[in-house]
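Trainee: Sequence:
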Amino acid sequence: MKMIKLKHIVEKLGVGDEYVGTARIWDGKQVQLLRSNEADSHSIGKKYGIKKHDYYLLVKGKGASYVVDTGTHILRKAAKWAQGYIQRKLSGTGKERFL
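All the letters of the sequence shown, read from the start, carry residue numbers 43 to 141 under the numbering used here.
Because the hints were derived from the structure by calculation, they are not lab data. Here the structure is a predicted model, which is why all the values come from computation and not from measurement. Mixed in with the good hints there might be a few duds.
[As the list claims (entries may be wrong)] 20 angstroms max Cα-Cα, derived EDC-like pairs, lysine to aspartate or glutamate:
#	residue 1	residue 2
1	K122	D96
2	K89	E60
3	K94	D111
4	K88	D111
5	K102	E138
6	K93	D69
7	K119	E60
8	K94	E80
9	K102	E60
10	K131	D111
11	K94	E60
12	K88	E60
13	K122	E138
14	K71	D111
[Said to hold, decoys possible] Derived Cβ-Cβ restraints for the label pairs, each shown as a range:
#	residue 1	residue 2	range
15	H84	T135	28 to 38 angstroms
16	R130	S83	28 to 38 angstroms
17	S83	K137	29 to 39 angstroms
18	L117	G91	16 to 26 angstroms
19	G126	G105	21 to 31 angstroms
20	V62	S83	13 to 23 angstroms
21	H84	G136	12 to 22 angstroms
Just so you know, even glycine gets a beta-carbon here, dropped at the ideal spot from N, CA and C.
Please take these sequences and the hints and turn them into a complete structure.
Mentor: Shown next as structure tokens:
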């Protein structure tokens, strides 16, 4: 697991990485699941060393935003890992879904 803290993240949904879904947590944090696309110059994954076609989480909350690499290129495995991460680290219930 690789976590990268960021001060400001510019969100560009039209370009860059492939957007999969967003889960919201009761305390107002947003967790987005995205797929890295190294071919694009606007890719957050490329900028922070996440392998091509791997999934990563973009966690946005009050005060801080950061990127967490899931370490897999399989969507189902990445989503399951993300649920566990939300439950362990972000005080979630484990029942959050990416919509």
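Trainee: Work down the list of hints and note, for each, if the structure agrees.
Mentor: Verification of the hints:
| no. | hint | verdict |
| --- | --- | --- |
| 1 | K122 to D96 | 14 angstroms, holds |
| 2 | K89 to E60 | 15 angstroms, holds |
| 3 | K94 to D111 | 12 angstroms, holds |
| 4 | K88 to D111 | 12 angstroms, holds |
| 5 | K102 to E138 | 15 angstroms, holds |
| 6 | K93 to D69 | 31 angstroms, violated |
| 7 | K119 to E60 | 17 angstroms, holds |
| 8 | K94 to E80 | 5 angstroms, holds |
| 9 | K102 to E60 | 17 angstroms, holds |
| 10 | K131 to D111 | 14 angstroms, holds |
| 11 | K94 to E60 | 11 angstroms, holds |
| 12 | K88 to E60 | 12 angstroms, holds |
| 13 | K122 to E138 | 10 angstroms, holds |
| 14 | K71 to D111 | 18 angstroms, holds |
| 15 | H84 to T135: 28 to 38 angstroms | 33 angstroms, holds |
| 16 | R130 to S83: 28 to 38 angstroms | 34 angstroms, holds |
| 17 | S83 to K137: 29 to 39 angstroms | 37 angstroms, holds |
| 18 | L117 to G91: 16 to 26 angstroms | 21 angstroms, holds |
| 19 | G126 to G105: 21 to 31 angstroms | 24 angstroms, holds |
| 20 | V62 to S83: 13 to 23 angstroms | 21 angstroms, holds |
| 21 | H84 to G136: 12 to 22 angstroms | 33 angstroms, violated |
The structure does not agree with the numbered hints 6, 21 stated previously, though it agrees with the rest.
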